[in-house]
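Following the hints, put chains D and U with the ligands in place on chain Y, whose structure we already have.
Protein chains in written order, with this note's numbering: chain Y, 1 to 357; chain D, 1 to 374; chain U, 1 to 84.
No lab work stands behind these hints: they were computed from the structure. None of these values were measured; they are calculated from a predicted model. You may find that some hints are simply not true.
[Said to hold, decoys possible] Okay, the calculated bits of chain Y under chain D, using three or more residues with CB under 8 Å as the criterion:
#1 51-65
#2 85-94
#3 116-129
#4 200-214
[Unchecked claim] Derived DSSO-like pairs: lysine-lysine, alpha-carbon spacing no greater than 30 Å straight-line:
#5 D/K360 x D/K370
#6 D/K96 x Y/K99
#7 Y/K226 x Y/K255
#8 Y/K119 x D/K16
#9 Y/K272 x Y/K119
#10 D/K189 x U/K28
[To be verified] Negatives, chain D to chain U, calculated, CB over 10 Å:
#11 K6
#12 G48
#13 I73
#14 G234
#15 G239
#16 T252
#17 P260
#18 N271
#19 L272
#20 P297
#21 D315
#22 L323
#23 E356
#24 L367
#25 N372
Glycine included, C-beta positions come from ideal geometry on N, C-alpha and C.
The primary structure of each chain is shown beneath.
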Amino acid sequence: MSAPDLPAGIMPDYRREIPAELLARQGSWVWHEVVQPGVLRHLAADGSELLTVRILLPPNGLLSASTLRDLARWIREYALTGRRTSRQGFEFVGVRPEKLEKFLAELQAAGFPAGGTGKSLHQIKCCTSFIHCQNAAVDAPSIAQAITDYFYRDFLQQDLPAPLKISIGGCPNQCGGGVEADIGILGLYDSVPEVDEASFLAANIDIGLLVSWCPTGAIRPRQTEKGTMVTIDVDRCVRCTSCVQVAPEGISLKKKSYVAIAVGGHGGNSCKGPEMAAIVFPRVPARPLDYSAIIDRIEVIINYWRRAGKPGERLAGFIERTGWSDFLETIGASPVEELVDKRLPQTSIRRDLHFRY
Amino acid sequence: MPGDSKEFPLCHELMKGRSPSHVRELSNSRYPLAMYEHGLATGETAYGHGGYISIPELPSGVAVRNSCRPEIIEESAYLRILPPAGGWLSAVTLEKLASCAETYGKGLIHLTSGGTIEIYTTREQMVPMVRELNAAGLDIGSTGNDLRCLTACCGPARCDMALIDAPALATYLGQRFIDEQQYPGYPQKVKSGVAGCPNDCIRAMMQKDHSFIGVYRDLPQINNEVLAAWQEAGGDLAGLIAACPAGALTWTGTTLAIVPNKCWHCMACINLCPAIRPGRERGVAWVAGGKYGHRGPQGPMVGYVLVPFIPVKDDDYTAIGDLFGAFLELWADNARKKERVGDFIARVGPLWVLKELGLKVEPQILLSPKRNGF
Amino acid sequence: MLPPDDKKREITARARQRGIILNEDHWKLIAISYEYYDQHRTICTLRNLIKLSGLEKKQIYKLFPGNPIGEISQITGLPMPKEC
Ligand code: SF4
Ligand code: SF4
Ligand code: SF4
Ligand code: SF4
Chain Y
1 MSAPDLPAGI MPDYRREIPA ELLARQGSWV WHEVVQPGVL RHLAADGSEL LTVRILLPPN
61 GLLSASTLRD LARWIREYAL TGRRTSRQGF EFVGVRPEKL EKFLAELQAA GFPAGGTGKS
121 LHQIKCCTSF IHCQNAAVDA PSIAQAITDY FYRDFLQQDL PAPLKISIGG CPNQCGGGVE
181 ADIGILGLYD SVPEVDEASF LAANIDIGLL VSWCPTGAIR PRQTEKGTMV TIDVDRCVRC
241 TSCVQVAPEG ISLKKKSYVA IAVGGHGGNS CKGPEMAAIV FPRVPARPLD YSAIIDRIEV
301 IINYWRRAGK PGERLAGFIE RTGWSDFLET IGASPVEELV DKRLPQTSIR RDLHFRY
Chain D
1 MPGDSKEFPL CHELMKGRSP SHVRELSNSR YPLAMYEHGL ATGETAYGHG GYISIPELPS
61 GVAVRNSCRP EIIEESAYLR ILPPAGGWLS AVTLEKLASC AETYGKGLIH LTSGGTIEIY
121 TTREQMVPMV RELNAAGLDI GSTGNDLRCL TACCGPARCD MALIDAPALA TYLGQRFIDE
181 QQYPGYPQKV KSGVAGCPND CIRAMMQKDH SFIGVYRDLP QINNEVLAAW QEAGGDLAGL
241 IAACPAGALT WTGTTLAIVP NKCWHCMACI NLCPAIRPGR ERGVAWVAGG KYGHRGPQGP
301 MVGYVLVPFI PVKDDDYTAI GDLFGAFLEL WADNARKKER VGDFIARVGP LWVLKELGLK
361 VEPQILLSPK RNGF
Chain U
1 MLPPDDKKRE ITARARQRGI ILNEDHWKLI AISYEYYDQH RTICTLRNLI KLSGLEKKQI
61 YKLFPGNPIG EISQITGLPM PKEC
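Pulled out of the complex, with its shape left as it was, chain Y reads as follows (with noise of 0.2 Å):
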């Protein structure tokens, strides 16, 4: 055989990505602005600029060969090249300021527009969940679209108090992300998993891996004269479905799904630390294409904001500063009963009398 033996341990060399020109200057820049929704500009110490375009994507990052065709050509025509952002959106960098205003009419024209920067509602970064997954509880590209449909101004302008990121996790994965977004909608299912006693038996189930992946000591072992069984205790299962994962020919779980609304996340370490998002919708239906229940209450969150918020106030920042108690009053969060952490109690139940009313 002539063909050369794979894997061929071939890591790409991001440089190839990026022209001379630019890596030359890399090192270079000391600030950047936004120009205009959709346009950053970087300056170098001696002045001189960098524009970078970016676009949002349909959700997801699902493109097809012709729209990466068309991305290319964008590139070869308006800039030095291209990046896709952690966001799941696209940036085109280097962009000839003379050919900028022409450069944004095509991609109106497209249907891929500008937008995104700075204080405006960013893209929205999902999973495939319906299109190509086997776990998924609710369909998060639909959702991402149905969120980026109404709330499409917000992307195109930039008069949100602070930046605003919208992550959507079709299940408990999370590989859309959510819990480090502003704003993070988790799928979840409804129902206890149930054991199916023949099927399980009949699967040669690795019983230790099973149970030391259960979060919460939900599911435990039992012996039966035909072999090792496991029983989930209802009330301590939380329904992460980790145990379905494991073990999918003996665990299976009736498909009824909701969305959790979880609001706060932040990444990065300017200001306080990377947080994580907190629930404060629990329990809003999701059903195909249905998704007004999700995007009433996102417009609840980011109305309050808008109106209250501080310029710069990112949405963690506010709550902190007006208090959990009433940011979950006036957006009507409930029930609150269900918004305590049952595994860790000792972070959501207060243990100080300082209450704010």
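Chains D and U with the ligands alone, transformed into the frame defined by chain Y:
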């Protein structure tokens, strides 16, 4: 465009909106839209538990989703391509991906939330597609129990905050540990990331099992001349001082200064004002254990900071690579089956990890000393 | 610890069906797998196989391509833990 709005009414509905539509992309490819329509119509996915398939030539980077609707599609196999660090994608690479997806796949490319690139295809087309990708300097990997989703932020080619060259470090690690990306052999997957500064735009501390974050150790540098110009142009000095979470910024009436031991070395003032630039003594912090997934005893968690500062000089990443490798070996030797790094560290304790690796416990990693005598 | 001869013939045949002609190194790995299973009642992980055999990960992948532990399980009949 499908003329089948009657056949796939829900998919069709998703093409009507104002914003870019994923269904439009799907329908411009050979993706079986009936599978997605099934999911939307029933509220349940049409895919079943699949997993990692065995293609003798390709130990990693190939996977398959099973189908609950075999009459539509028997199964859906896909390749996972190692992405160039920093998300950088040139026109040449985009066109190469497009032509590979058209020739060997379903004409669809997935820029995943984990940072990799996937192309949906069939088992038979995998080896020919990989050979073509290889010829173009691309390769596959990052599935199964191996080193996964090694990503970085955009780095100093574009970012004015970059303290270290994140994509260069990620590329170094990816090259040095390429076998770990292509030959699964760990107890569980381990995701890695490199961010150029504490802004951590890629959320490495939360999403990645094992990450390095650019940090500085001296103080932010204030240029009072630039500051005056900035104020002149409408810069909000009071707002800037108020934005410092540590109350470390002080205004003497003529100059702005930082109270040294108050400063948290965050990025708040640097992000807000062009007159304040990051310090010059630079390195990385080492963070391990982050994950989003609600899995394992700990569920989703932010990683533990294990070492606050590892100096980086002259783009020499050897010491960081040594630590990266040593920790992976330690974890792999001692983790339980399917135990993610975060659950592992929570079980054995961060101190044990540091001791085994012969590292010092720096006071900076303490959130607080313990409040009991045990 | 190798299985009895008739079992060995069966293993050889199954390996051939899967395109693998067993040599000394293959048998070494199979023996280790049997011994490990005997002691632990679970199939040896790749990591343990590397340690116990002294072979490198890539060599093992050459011997049993694709998914070494999966292949060993298929060829020997030693039960494979479920992947998730
Ligand atoms: S979050 Fe769940 S539904 Fe979404 S891709 Fe991951 S496993 Fe699938
Ligand atoms: S769903 Fe999660 S909590 Fe419930 S039994 Fe299974 S593993 Fe345990
Ligand atoms: S993490 Fe820091 S260096 Fe990297 S892109 Fe973000 S701000 Fe720039
Ligand atoms: S780096 Fe952070 S803590 Fe230090 S002076 Fe600037 S804003 Fe304040």
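Original post:
Which numbered hints does this structure break?
Top reply: Of the numbered hints given earlier, the structure breaks none, since each of them holds.
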